[in-house]
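Student: What follows is the residue order along each chain.
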Amino acid sequence: MSKDLNQADLISGEVPADLGEEIGGKGRVYFENVVIDNLIDAMLELAGAAWAHHDRVLVLEKVLEKKGIAVTDEIEAHLPDGDELAARAAERDAYVERIFGSFLRRPTGDLPGRSDS
Amino acid sequence: MDRGSIGILPRPTNLADESYLEFVTSFRKLAIQKGFPTLATVGEKALAQAVAAGEVSVKDGEEIPLDEIKKVFAKIPFVPTWQRFVRSQQEMMWRRTRESFMKDADGVMARMAAAEEAHPERISYDKDFVPPVYTRCEIHCQPGGYTDDPLGGLVYHYGTKIFYEGFNDQDELHVELAQKAAKPADGKLERILDIGCSIGQATTVLKDLYPDAQVHGLDIGLPLIRYAHMRAVERDKEVFFKQALAEESGYPDAHFDMVLSYILFHEVPVKKMKEILAEMYRVLRPGGTFAIYEFPSNDKGQVPASTRFMIDYDSKNNCEPYSPGFVASDFKGILEAAGFVVEPGPGLTNDFLQSVVATKPA
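Here the protein sequences come in this chain order: P and W. In terms of the numbering used here, the first sequence has 104 at position 104, counting the first letter as 1, and numbering is strictly consecutive. In terms of the numbering used here, the second sequence has 7 at position 7, counting the first letter as 1, and numbering is strictly consecutive.
Hint data in this document are derived by calculation from the structure and do not stem from the laboratory. Fair warning: this is a prediction, and the values are worked out from it, not measured in the lab. Incorrect hints may have been included.
Think about it this way: if two alpha-carbon atoms lie no more than 20 Å apart in a straight line, the pair counts; the simulated EDC-like pairs of lysine to aspartate or glutamate are [stated by the list, open to error]:
1) W:Lys103 - P:Glu91
2) W:Lys316 - P:Asp4
3) P:Lys3 - W:Glu18
4) W:Lys300 - W:Glu68
5) W:Lys300 - W:Asp104
6) W:Lys127 - P:Asp55
7) W:Lys127 - W:Asp208
8) W:Lys300 - W:Asp60
9) W:Lys103 - P:Asp4
10) W:Lys29 - P:Asp55
11) P:Lys62 - W:Glu22
12) W:Lys183 - W:Asp208
13) W:Lys29 - W:Glu18
14) W:Lys75 - P:Asp9
15) W:Lys237 - W:Glu116
16) W:Lys103 - P:Glu14
17) W:Lys103 - P:Glu74
18) W:Lys127 - P:Glu14
19) W:Lys274 - W:Asp330
20) P:Lys62 - W:Glu176
21) P:Lys62 - P:Glu74
22) W:Lys127 - P:Asp4
23) W:Lys237 - W:Glu176
Only part of the chain W face toward chain P is listed, based on derived beta-carbon distances under 7 Å [what the hints assert, rightly or not]:
24) Arg87
25) Lys103
26) Gly107
Every residue, glycine too, gets a C-beta built ideally from N, C-alpha and C.
Just chain W, with the same shape it has in the complex (with noise of 0.2 Å):
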């Protein structure tokens, strides 16, 4: 049975799902909105008693060692119970998500083979290429990863509904890190890449911001790909997919005026960022824009003891394996060395992410 949309969202395929699915949207409110404030008062807490009675050693001028860090967390009560509710619910998150469009999946496959007959020349993948190995983690625990669920672009639409907790049903995020991004100061904008673009939430919402530029959306996994593909071709826009990894994009040299970047880099080992970074100076003009939005990095004791903790247990139980290797990391020393200037770029809602504008010089 057609359950219809919500907006341009899917729906899941009973109201069993549905219902069981905004339990775990409520639930994971709960654990993220107020669970890690929670969390990071009573942990700041007792690190600073710690320190007050010479339990951690800290160096002078350095930061706590995240070691230590987790040694005092590990003994508050509410710790491990934050742990269990954080996995349990995006393990529930996934699981009901998926089980209820696998009831349905003879029908997303038919709309996506639907889309690639309509528009063909609005996709572009080679189906003996095998993506790298660290691309298909399962990121986020997504059953398959990005790579390897036929069904993955919707299990992440849905999915990720949750995730945002009901703040992005209608792309909202998307608008907005869209709206911001940092367009050529000569106002030049013939050619927009969006890299790791995922299901293309951004990249749509580029192509109805600038109708008269050529839009494209690059992503390693091809069940994202082939989705935000139908779901492009659906809404009737004039958007152009292609599977491929960012380090090798394939387009050629100076091609865009403007790169977008959402929360891709902390999912790449730094070696790859860095080969990312090169990549997109070569297909960026002299002039062109790198509009990038992602996790915080150059952590020298800036990022509080308790977000440190949460990247931390996030990485180990999120499936996010990079992201320390990127909060660690000089990404601004390493941009600037790729050739970029790089200044500020507008802050989203989301505080958490920093925003960065890196400009190619003319």
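With the rest of the complex left out, here is chain P (with noise of 0.2 Å):
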């Protein structure tokens, strides 16, 4: 770790919201050509965000039908107001970005990080 540590900060001091010099920084390369690792971190993000929303819906449709509800025409009709539609883009921005920031993260392959096995 780069920082020095008091220890009084790690009882009452305010917990760091960014921590962590190997999963943040640049990362690995471990292909040629870097855009391979970028795009293998693209798809696992994908992948993962693509479960947990389906995972989403299989909890909501659980939860709907312990109440009586069926959705499924409502939410085809349902129509965003402004703010809605405003809140959509800002998650779906962050979620753009956590699938395809490896690309920005890893722009060269000719980094420190490049690993020699």
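Please assemble the complex out of the two chains, which come individually in their own frames, going by the hints.
Tutor: Structure below.
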């Protein structure tokens, strides 16, 4: 770890929101063409996000079923207002960044994190 | 919103995090349980072909040099794919686990503080202590490592749930290793020490198994010790935790009847390992037992080439800086040089690990 450690901060200090030199930074490169690394990261994030959404729909259907509510038609008929559109756009932007951010994280393969193994 | 727990395991703070992390668990299972055997099969085959073709130089009676193994493996397309898979799932696991529990950071910090207020006599640390640099690696890529993240204990707990691919959700592996830990031949078991105890999973099981014994856990990570203590207090287990270096434990001579260590030694430099063994010899009473579960060692070619490749990769890409040194070391000889009588211990379900019982002569 690059920073000095004061243990008193671990007990009464603020919990840092961002932490981790390994999971932060540029990460590692395993392919000659770094785009393959980035594509796999994107694919994994996409698959993770798709599963989370799928799981949520499953849970939602169970919750509504318990309440005796059929929602399929209602969902199709729902028309969002401006506030909802803006909130959904912000969430969507974060979703896109989570999936495709790896291409920006490692724009070239010539990085200090290139693995020798 | 309190989403409760999964038995004795904390639950991520929202469904989206939990679903994502369950996806990571499934992906890890694919990468480790099926991906590594695939890599091993194609790698060993390519290596055998390279040896037969005279492309790899091997001296009679010696194992193939690691650099030669790496050269052959590097030509296999699945190898960088597997490396990318394993590194990426590890990053995804820690990133989202910490993000999730960060949403309840104040609540977790308050629970640890409340446990310390309720039972200050069961936790020992010095706020001014500075862990040495060698202990402050981000082992397994965990953000802040074991020493620097106030939430490190909780993040470790859920992160290792994923690491263990669902096989240790209720501490099942720790139950097994604690049950199998060798007791002294004379049966006297008044004080037990778990070194490198982390969040106290085996420590609390030892208390369940030996309720009349005084059970202690020691670790260098203050965030781990605080979480271990909270977890024990909340589950009404009278266990004593201490932050200290295992090589400078501070316990009296001949104080313990049994010591346990689970996958500690490959996380420290060999020099420190020797110091820890000398310290454990000091704190064990004559006839006391030291139950050790650890990475393979004394590598004289018995470790397959693909496993050596994996350990080297893991060392460099999963922040395990000291494990190759341990694997190459004469661990049994070092134990004997420290004064212990060494015998094979009971095997675990995880047969990658070696099991050793080191006894201090009576």
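Student: Each hint needs a verdict: does it hold in this structure or not?
Tutor: Comparing the hints with the structure gives:
1. W:Lys103 - P:Glu91: holds (17 Å)
2. W:Lys316 - P:Asp4: With Cα atoms ~23 Å apart, Lys316 (chain W) and Asp4 (chain P) exceed 20 Å; violated.
3. P:Lys3 - W:Glu18: Not OK: Lys3 (chain P) and Glu18 (chain W) at ~31 Å, beyond 20 Å, violated.
4. W:Lys300 - W:Glu68: holds (16 Å)
5. W:Lys300 - W:Asp104: violated (49 Å)
6. W:Lys127 - P:Asp55: Violated, at about 43 Å.
7. W:Lys127 - W:Asp208: violated (30 Å)
8. W:Lys300 - W:Asp60: holds (13 Å)
9. W:Lys103 - P:Asp4: Given pair Lys103 (chain W), Asp4 (chain P) is violated - Cα atoms ~25 Å apart, limit 20 Å.
10. W:Lys29 - P:Asp55: holds (19 Å)
11. P:Lys62 - W:Glu22: Roughly 19 Å separates the two Cα atoms, so the pair holds.
12. W:Lys183 - W:Asp208: holds (15 Å)
13. W:Lys29 - W:Glu18: Roughly 16 Å between the alpha carbons, so the hint for Lys29 (chain W) and Glu18 (chain W) holds.
14. W:Lys75 - P:Asp9: The hint is violated at about 48 Å.
15. W:Lys237 - W:Glu116: holds (14 Å)
16. W:Lys103 - P:Glu14: holds (13 Å)
17. W:Lys103 - P:Glu74: violated (32 Å)
18. W:Lys127 - P:Glu14: holds (16 Å)
19. W:Lys274 - W:Asp330: holds (11 Å)
20. P:Lys62 - W:Glu176: Given pair Lys62 (chain P), Glu176 (chain W) is violated - Cα atoms ~37 Å apart, limit 20 Å.
21. P:Lys62 - P:Glu74: holds (16 Å)
22. W:Lys127 - P:Asp4: With a Cα-Cα distance of about 14 Å, the restraint between Lys127 (chain W) and Asp4 (chain P) holds, given a limit of 20 Å.
23. W:Lys237 - W:Glu176: Judged against 20 Å, a Cα distance of about 18 Å means the pair holds.
24. Arg87: holds (5 Å)
25. Lys103: Because about 10 Å separates Lys103 (chain W) from the closest Cβ in chain P, which is outside the 7 Å limit, the hint is violated.
26. Gly107: violated (11 Å)
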